[in-house]
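Asks: Listed below, chain by chain, are the residues.
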Amino acid sequence: MRPSPAGVAYHLAGLAVAALFLLPFFWAIVASLRQPGLPPARTVEWWPHPAHWDNYAELFRVVPMGRYLLNSLIVVAVAVPLTLLTAALAGFALSQLGRVWRRRLVTTSVVLLLIPGMAVWTFRFHILEALGLIDSLAALIVPALAGGSPLFVLLFYWACWRVPFELYESARLDGAEAWTVWWRIAWPLVRPTTAAVAVLAFALYWGDFSTPVLYIFRPEIYTLPIGLQLLRQMDASNLPLLMAGSMLMIAPVVVLFLVIQRLFLRDLTLERVE
Amino acid sequence: MRLRRIAFPLSYRRQLALFLTPYLVGTLVLVVLPALATVAVSFTDYSAFTGYSTSHLPTWVGLDNFRRLTETPLVRLSLNNTLIFAGLAVPLRLAGALVLALLLGGRRPGTGLYRAAVYLPTIVPEAAYTLVWLWILNPVYGPLNLVLGALGLPQPDWMAEAATARLAIVLMALVQIGEGFVVVLAARQNVPAALYEAAEVDGANRWQSFWRITLPLIIPWLLLLLCRDLLVSVQNTFTPSFIMNYGGPYYATTFLPLLIYEISFDFADWGLASAVLVVVYAWILLLIWGVRNLVEGLRNRVEADEA
Chain A
1 MRPSPAGVAY HLAGLAVAAL FLLPFFWAIV ASLRQPGLPP ARTVEWWPHP
51 AHWDNYAELF RVVPMGRYLL NSLIVVAVAV PLTLLTAALA GFALSQLGRV
101 WRRRLVTTSV VLLLIPGMAV WTFRFHILEA LGLIDSLAAL IVPALAGGSP
151 LFVLLFYWAC WRVPFELYES ARLDGAEAWT VWWRIAWPLV RPTTAAVAVL
201 AFALYWGDFS TPVLYIFRPE IYTLPIGLQL LRQMDASNLP LLMAGSMLMI
251 APVVVLFLVI QRLFLRDLTL ERVE
Chain B
1 MRLRRIAFPL SYRRQLALFL TPYLVGTLVL VVLPALATVA VSFTDYSAFT
51 GYSTSHLPTW VGLDNFRRLT ETPLVRLSLN NTLIFAGLAV PLRLAGALVL
101 ALLLGGRRPG TGLYRAAVYL PTIVPEAAYT LVWLWILNPV YGPLNLVLGA
151 LGLPQPDWMA EAATARLAIV LMALVQIGEG FVVVLAARQN VPAALYEAAE
201 VDGANRWQSF WRITLPLIIP WLLLLLCRDL LVSVQNTFTP SFIMNYGGPY
251 YATTFLPLLI YEISFDFADW GLASAVLVVV YAWILLLIWG VRNLVEGLRN
301 RVEADEA
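Chains as they are written, first to last, in our numbering: chain A, 1 to 274; chain B, 1 to 307.
No wet-lab data here; the hints were simulated from the structure.
A few of these clues could be false.
Claimed, not checked - Label-pair distances were calculated between CB atoms; the ranges are:
1) A/12 x B/95: 20 to 26 Å
2) A/13 x B/301: 53 to 59 Å
3) A/16 x B/290: 34 to 40 Å
4) B/290 x A/61: 26 to 32 Å
5) B/203 x A/102: 51 to 57 Å
For each residue, glycine too, the CB sits at the ideal point set by N, CA and C.
Required output: the full structure, derived from the provided sequences and hints.
Replies: In structure tokens:
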């Protein structure tokens with residue numbers, strides 16, 4: 001089969017777009033593999049000779065990056081499952097409510113999406129302090145109790161709402177409790193949404209820069225984004241090391257995103273499944 | 001049946017209420033109350049920290065903070081910066097999301113990978129991605145200036161000049177348009193295919209079917225995106241402007257979030273910070289009202305056309 005001219009043009013355009021968006025990552029990887037101390041190349045370099053993989057090990061020697069990595073891992077290991085639980089339950093409950101309350105709460109959630117983070121920074125300090133959570137990893141985890149973000153709750157709500165309602169009805173006629181309806185019917189059917197929210201939540205907690213800047217002061221509980229800034233303060237000119245640190249933070253998100261991107265970018269229709 | 005009722009005494013509705021409790025209570029405590037507190041404190045003199053204790057209590061000063069708001073040069077400068085940023089970034093971000101969603105809206109094989117590439121910069125950690133951009137924008141060795149130089153174009157010293165430093169933050173915002181991209185893709189896929197088929201039968205070309213079918217049907221989504229982006233894109237400047245140059249050079253990249261951060265946590269002037277936030281809320285309410293009216297107006301017009 002010969003490719004059509006329209007098809008070729010489409011793929012050329014697609015590849016050009018993809019290259020444009022991926023080029024910064026490629027340049028960062030190349031820079032992360034250069035030998036530290038050498039002056040950077042004066043022309044665009046496509047691959048360093050020899051590739052200096054030791055930069056990634058050096059990261060853990062110059063700053064306690066292992067400690068920061070562990071702290072970040074603790075935060076996501078607790079916060080992501082908790083977010084999935086609270087957001088999935090709230091989203092399911094929204095889909096089951098009567099028309100009036102459902103509309104009220106969905107509208108409220110959409111409006112909540114418009115409250116910028118800066119609006120809550122200062123007084124969240126007082127609340128976290130009253131709860132004794134300032135200067136602890138719990139300050140980074142606590143939003144998970146509230147579903148992480150209204151967006152996650154809304155995503156679960158839309159997914160549960162698209163499940164044919166007869167399925168819920170027949171389970172309830174059999175005498176099932178809300179827990180059972182959620183666990184037996186909604187949870188298995190909204191799995192693509194769960195995967196998408198899991199990755200979004202991972203990215204949210206893993207990359208969180210403002211919360212530790214505002215509420216974390218002890219170096220032992222710094223997370224990766226702060227560790228990266230420390231690395232920069234120590235030697236801003238050691239570019240290979242800085243880029244290696246950046247890639248250490250970026251790579252897990254990229255891998256997770258690529259695993260679920262099919263679900264995420266394909267399943268886009270907003271209609272109810274009939 | 002009976003035994004189960006005893007084991008689970010809550011009615012179905014009460015169980016649903018229980019499921020909603022963590023979300024509602026958590027959001028109330030972590031988002032709604034802190035946001036409302038700023039409204040009250042904007043009428044007071046309040047510096048929260050005296051040696052990291054919070055004993056200093058707010059005292060009523062009426063509209064004093066709002067008067068200081070107009071007199072503080074840093075606040076005016078920052079509002080100005082924010083307007084420049086939003087005026088440049090928001091239309092370009094929306095246009096980019098729209099063009100890419102139209103380009104990659106088809107179902108050809110390989111499309112998924114192109115879409116993934118577009119979304120990727122939006123989801124990666126900003127603290128790391130900003131450092132990557134600092135390298136790209138390095139005036140002497142950065143790949144961007146090397147490319148510009150090879151093309152015979154000027155090679156600006158990006159982070160040293162006010163205008164180019166702002167432009168650098170805009171540039172970074174322009175590649176992080178995954179959310180808008182996904183929303184426009186979804187909106188477009190919900191346009192009934194039958195409409196396009198009918199237009200094709202009538203001999204419309206692709207340009208005409210875009211103007212006559214796609215655009216009118218997705219414009220409510222574009223307006224919602226516009227509304228959200230005016231807030232989100234501004235909020236998202238915090239990490240890049242903090243890391244790239246801490247608001248500099250000469251406060252040129254001190255946008256609203258960094259301003260709030262500085263007033264609250266560097267100057268400990270929570271009254272003034274709250275007054276700035278109240279102005280932001282007024283702006284948000286105005287936006288919601290405006291977009292609501294526009295969407296309603298469009299809907300009425302579509303209905304009038306159909307009648």
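Asks: Run every hint past the structure and note whether it holds.
Replies: Hints versus structure:
A beta carbon spacing of about 21 Å between residue 12 of chain A and residue 95 of chain B agrees with the range 20 to 26 Å that was offered as a hint. Checked against the hint of 53 to 59 Å, the pair residue 13 of chain A and residue 301 of chain B fails, with Cβ atoms roughly 34 Å apart. Roughly 36 Å separates the CB atoms of residue 16 of chain A and residue 290 of chain B, a value that falls within the hinted 34 to 40 Å. Look at residue 290 of chain B against residue 61 of chain A: about 55 Å separates their beta carbons, and that is not inside 26 to 32 Å.
Checked against the given bound of 51 to 57 Å, the beta carbons of residue 203 of chain B and residue 102 of chain A, roughly 44 Å apart, lie outside it.
The structure shown violates the earlier hints numbered 2, 4 and 5.
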